[in-house]
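Could you put the whole structure together from the sequences, leaning on the hints where they help?
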Amino acid sequence: MYAALWRVLPGPWWVRLLIVLAILVVVLFALVTWVFPWVDSLLGPQEGTVGP
Amino acid sequence: MASEETPARRRGRPRRGLTVVGVLGELLITAGVLVLLFLGWQVWWNSLVLAGQQTSAAAQQSQKWVNDAMKAPKPAPDTATAQVAPPVLAKPAPYQPFAVLYVPRLGADWKRVIRQTVDTDRVLNSYTAGVGHYIDTQLPGQVGNFAVAGHDSGWGNTFIDLSKLRIGDRFYVQTQDGWYTYTFRNFEYVQPSAVGVLLPVPRQPAETPVERFMTITTCNPPFHAGERLIAYSVFQAFAPPQDVPSEIAAAVGQGG
Chain A
1 MYAALWRVLP GPWWVRLLIV LAILVVVLFA LVTWVFPWVD SLLGPQEGTV
51 GP
Chain B
1001 MASEETPARR RGRPRRGLTV VGVLGELLIT AGVLVLLFLG WQVWWNSLVL
1051 AGQQTSAAAQ QSQKWVNDAM KAPKPAPDTA TAQVAPPVLA KPAPYQPFAV
1101 LYVPRLGADW KRVIRQTVDT DRVLNSYTAG VGHYIDTQLP GQVGNFAVAG
1151 HDSGWGNTFI DLSKLRIGDR FYVQTQDGWY TYTFRNFEYV QPSAVGVLLP
1201 VPRQPAETPV ERFMTITTCN PPFHAGERLI AYSVFQAFAP PQDVPSEIAA
1251 AVGQGG
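Quick mapping for you: the protein sequence lines, in order, are chains A and B.
According to this note's numbering, the first sequence holds residues 1 to 52 in order.
According to this note's numbering, the second sequence holds residues 1001 to 1256 in order.
Simulated from the structure, these hints should not be mistaken for lab results.
Worth double-checking, as some hints may not be accurate.
Quick partial rundown of chain A residues pointing at chain B, CB under 8 angstroms, derived from the structure [as the list claims (entries may be wrong)]:
(1) Y2
(2) P10
(3) G11
(4) D40
The beta carbon of each residue, even a glycine, is placed where N, CA and C say it ideally should be.
Below, the structure is given as structure tokens:
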């Protein structure tokens, strides 16, 4: 899968590397900004409160 | 003949296309990496970012009150008469930041804004708060119980070191009116349903309050939510807003 992606990318190896790094940065940003907080909210309360 | 062909076919890189097993394997590895990334984010990165922002927000709020008081100092309470009641705030509206809490035992720079209510999203997980006040409990300096809550681990690691408190440690609560000093007295480990810890006299529903208590509730153990750790303290002193307590004088305004 990832090998296929590498072959599909254009340009010499360093251009491909830059593209891959750029994709990784975008994916990580999306994970930290939206996906992880959303997953955390699904995991149930980790509150420090007492209540009925 | 077949044996002669084999070395020739092996020459050069084998070019395998997409196979079901190959794609499945790579997807599983990706899923594993994502889970590890999430754990790193939850335990380390998010808390680090949030703790920094919460400290910064508390430093700004704290410094503002001190600066305001420097321009127009408020009179010190009359210490000649032993029993002077400290001023008490009007009940803050929900989500309003009304105090800054300093606990030197949790770190020289440890400080958090206290907001009204213990709402998860708008107070406990907030980038500008971290500690919430149980809206039905009393306010700083008021006879009864000033009860607050914060996360133990995750979302800023607010009270992750709360169990390291020692008897006699100070809590400093700053409001626009001044500094309320509370002295840590004892811990209690309770079930999450133990709302009795919030009573005007904690755990004593029949008692009429005469003392001023402060109660902190947080999760226990770290990274689980099975129990609650409760830290009780008693009111000790009040000082006007320009008189920053000497123990935290260096920490006020730091980290802004």
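Worksheet item: Among all the numbered hints in the text so far, which are the ones the structure does not match?
Response: Checked against the structure, the hints that fail are numbers 2 and 3, while the rest are satisfied.
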